[in-house]
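Using the sequences plus the hints, can you model the full thing?
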Amino acid sequence: MKKLSAVVLVLALIPGAMVFAQAQTPLSLWTFQEVHLKYYQSMAEKWNAEHPSQQIDLKGEVFPYDDMHNKLLVSLQSGSGAPDISDIEVSKFANYLQGDIQLASLNDLIDPEKKQFVQSRLALYQKDGKYYGLDFHVGAEVMYYNNEICKAAGVDIDKIKTWSDYIKAGQQVVAKTGKPMTTIEVTEHWSYYPLLNMAGSDVIDANNKVILDSDTNIKVLKFLYDMIYKYKIAVPTPGGFHHSEGYYGFMNDGGAASIWMPMWYMGRFTDYMADLKGKMAVRPMPLFDGSPEVYGIKSKFTSAGMGGTGTAVVKTSKNLALAKQFLFYCKGTKAGTVEIWKQLGFDPLRWDVWGDKAMKEPNKFTDFFQNGTAIFDVLLKVKDGFNTTNVGGNYPAIIDSVKHNVMFQALSDRSKTPEQALKDAAADLRK
Amino acid sequence: MKTASYFRSYRLVPYVFILPFLVSFCAFYLYPLIGTTFMSFQKILPGQTHYIGLENYRRMFSPDFARALSVSFQYTVYTILLLIPVPAFLAVLLNSGIKRLNSLYRAAFFIPSLVSVVVAGTVFRLMFAASGRAVVNSMLALLGSKPVDWILGGAWQAMALMVLVAVWRWTGVNIVYFMSGLQAIPADLYEAAEIDGAGAGRRLFSITLPLLKPTIVFVTTISIFGGFSMFEESYIFWQGVSPNNVGLTMVGLIYQKGFQLGDLGIASSIGLVLMLIVFALALAQLELFGFFRREDR
Chain D
3 MKKLSAVVLV LALIPGAMVF AQAQTPLSLW TFQEVHLKYY QSMAEKWNAE HPSQQIDLKG
63 EVFPYDDMHN KLLVSLQSGS GAPDISDIEV SKFANYLQGD IQLASLNDLI DPEKKQFVQS
123 RLALYQKDGK YYGLDFHVGA EVMYYNNEIC KAAGVDIDKI KTWSDYIKAG QQVVAKTGKP
183 MTTIEVTEHW SYYPLLNMAG SDVIDANNKV ILDSDTNIKV LKFLYDMIYK YKIAVPTPGG
243 FHHSEGYYGF MNDGGAASIW MPMWYMGRFT DYMADLKGKM AVRPMPLFDG SPEVYGIKSK
303 FTSAGMGGTG TAVVKTSKNL ALAKQFLFYC KGTKAGTVEI WKQLGFDPLR WDVWGDKAMK
363 EPNKFTDFFQ NGTAIFDVLL KVKDGFNTTN VGGNYPAIID SVKHNVMFQA LSDRSKTPEQ
423 ALKDAAADLR K
Chain X
2 MKTASYFRSY RLVPYVFILP FLVSFCAFYL YPLIGTTFMS FQKILPGQTH YIGLENYRRM
62 FSPDFARALS VSFQYTVYTI LLLIPVPAFL AVLLNSGIKR LNSLYRAAFF IPSLVSVVVA
122 GTVFRLMFAA SGRAVVNSML ALLGSKPVDW ILGGAWQAMA LMVLVAVWRW TGVNIVYFMS
182 GLQAIPADLY EAAEIDGAGA GRRLFSITLP LLKPTIVFVT TISIFGGFSM FEESYIFWQG
242 VSPNNVGLTM VGLIYQKGFQ LGDLGIASSI GLVLMLIVFA LALAQLELFG FFRREDR
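These protein sequence lines map, in sequence, to chains D and X. The first sequence lines up with residues 3 to 433 when you count with this note's numbering. The second sequence lines up with residues 2 to 298 when you count with this note's numbering.
It is worth saying that the hints were derived from the structure and are not from the lab. All values derive from a computational prediction rather than experimental measurement. All clues stand as given, with none of them false.
Below, a sample of chain D positions facing chain X; criterion: calculated Cβ distance under 10 Å:
hint, residue
1, Lys94
2, Asp102
3, Gly242
4, Ser246
5, Asp430
Using N, Cα and C, we set each Cβ at its ideal position, and we do this for glycine too.
Shown next as C-alpha cells:
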C-alpha cells in the first residue's frame, strides 16, 4: 500500500515538473568570447532567481571570432538560423546595419536611462536614431606602465602629462635601462586609432565619408614614426600586434616600459602576462598639448573609447521582448554593469556606477595592478574627454586597410612615408 | 512482375549506381555554381537583393585581386615544383628495401595531414616567431645568421612559410598516390630490364617514371586545384590580414570580401573568375601531358 501511494505520488508530480520545465523560455545566444558567455550564464541564473514567472533557459554557444560573425551574417542574409541574441564586435557592426536591418531596436529600454550612459558608446551602434546594440564597456584608452622599469630609470610616471613629457621619460628609460619605452603595433590599429581619435580626428566622418588621409591623421602617424625612428623610444611590436604570443612573452619578461591600450586589455595582463603582477600601474593617457613633437596638435580629448562588443537581439526572435529585457538586464542596468566590472574587469558603460563603492572592492584586477582599487579614479578624471567614433558605412574595410597596409608600410617595412601610405589607402577606399 | 524485371534490367542499373554521385554533384556543385552565377550579378543585403549587372565584375579587378592572383599562382608553382619530385622520390625509396621499417616511415610521413591545421598553425607561429629565442631563429643563430622576421618580414619569407607548411602537410598524401602508382607497375618489367643489363638509374628513368605518368598527371592536376584553393596555410599565420597582403590568396580574397566585409556579390564574381582560371590552367596542363591524345594514334 505504501509502495502504491509512493508511485501515485511520483506520477502526480511528473506533470507538475514538466509544466515547470516548460515554463523556461529557451533563448539562444552566440558569442566569440568564452568569458562573455560565462558572464551571460551567471546573469541568467540571477535572472531566474529574481523572475520566477519568467524563467530563461539560456543556450549559449562560443565560436571563433571570424566564424561567429560570418555565420551570423549569412544567417541574417538568408533569413534563417540566427540566434535570439548575439555579440557583434564593433568593427564588424556596420556589416549588420545594411539593407533591411535584421536587428531589433533597443530604444524602448535605453531611452528612459539614456543620460546615465557614456553617449559616444551608445552612438556606436545606432542608425537613424535607433540603437541596435549595447556594449559591455567604454574601453577607455589608458597607459599601462611597467613601474618597475620606470622606477629603475628614475622616471616618475605621475609627472607624465603630455606627449613631450612621455618622450623625455622614454629617452631616460632607454638611456638607463636599454629597454624601449613602448611598442607600436604594425599589423593592427590599436596604437594608431586611439591616438588619432584623441587628436580630434577619425577615419570616417559623420556622413560616412573616408577621411583616413586627413591632415591630423598624417601628423599622428608621423608622430608614431618619430617615436620609433627619430626619438628611438619605441620598437615595432614583436609579433606585430599587442595580442600576439610574441608580444605577450616579450612584455611578460619586462620587454618594454609601457603600452597604451583600452581598459579591457587589463584581462590580457592577468591572463597572459602573469609575471607582471604588482609591477604594472594604470595612468591617464598623455595629452596632445600643441608641442612641436606632436606637430602642433592640440586637443581637449583626454581618452578614447576603443573597441567594443555591441550585443544585439535579432528581429526575428520568437521571444523578442524577453530577449531584449534579458540583454538590458545584463548590460544596461546598474546592477548588471557593476557585475561586468566584477566578473570581466571592463569599465562599464554607465558612468553613474564608476564612483560606486562596489567598484573599489578587491578582485583579480585590483590585485594585479599597483593601487588597483583606485583604477576608476583614473577614469573619473578623464570622463568628460571622450571623442566620438564613427563606425558606419565602409568602416570594416577601412580598419582592414589600416591593419594590413598603412601601419605596416609606414612603420615596419617603410616602403611608404606615413603620408603616402595614408593617401594611397584612402584613394583605394574611395573607389 | 513487370516492374521487378524493369529494376533488374541493364538499362536502369548503371543509373542506380551513379545516382549517389549525381545527387551529391547536383547538391554540392551544380546548384551552388548556378546560385553563385546569379549572385555574382547581384548586390546582396539582408532583405534587399537586386541585380546590378556587371558592377561586381567591374569593381573586382583591384590591386588586391592582382596581388591575390600572383600569390596563388606563385604558391601553386612552388608547391608543384616541390610536391611532385620530393614525394615521388620518397615513394620510390619507400617502395624498396626493408618493408617493416618502411611502413613506419610511411606512417610518419602521413601523420602531418591528420593534424589539425589550427594546432599546426600555432606551433608554426611559435617556431617561426621573430624573437632570437624562437626555435628556427635559434637554429639559424647556430649557423651564424641573424634572427629573421619570418611572419612579418616580407613577401619571400611569407611565401617560404606557406610553401613549407604545404610541403609538411601534403608530402605524406602525395606519397600515398605515388606508392599506389608504383605498386601497379609489374615487377617482371624490372626483372626483364635487369636481365638486359639496365642499372638502377636506367630502370628509374625508363620504366618507373614513364609508367608513373598517369599518377604524375593526376597529382599535378589536384595540385593546381589545391594551390589555387589554398586558404588555411595563409590563414594560420595571419588570420586573414597579412601586412602588405603578402599572404592574400584568391580564396582568402573571396573570404575577405564575402564574409569579413559582407559583400557576397563581389565574392561570387571572384569565385567564378577563379573557377575559369583554374579550369583553363588544368586543361592546358592536361593537354601538355597528352591526356586528351588517343592511345591508338
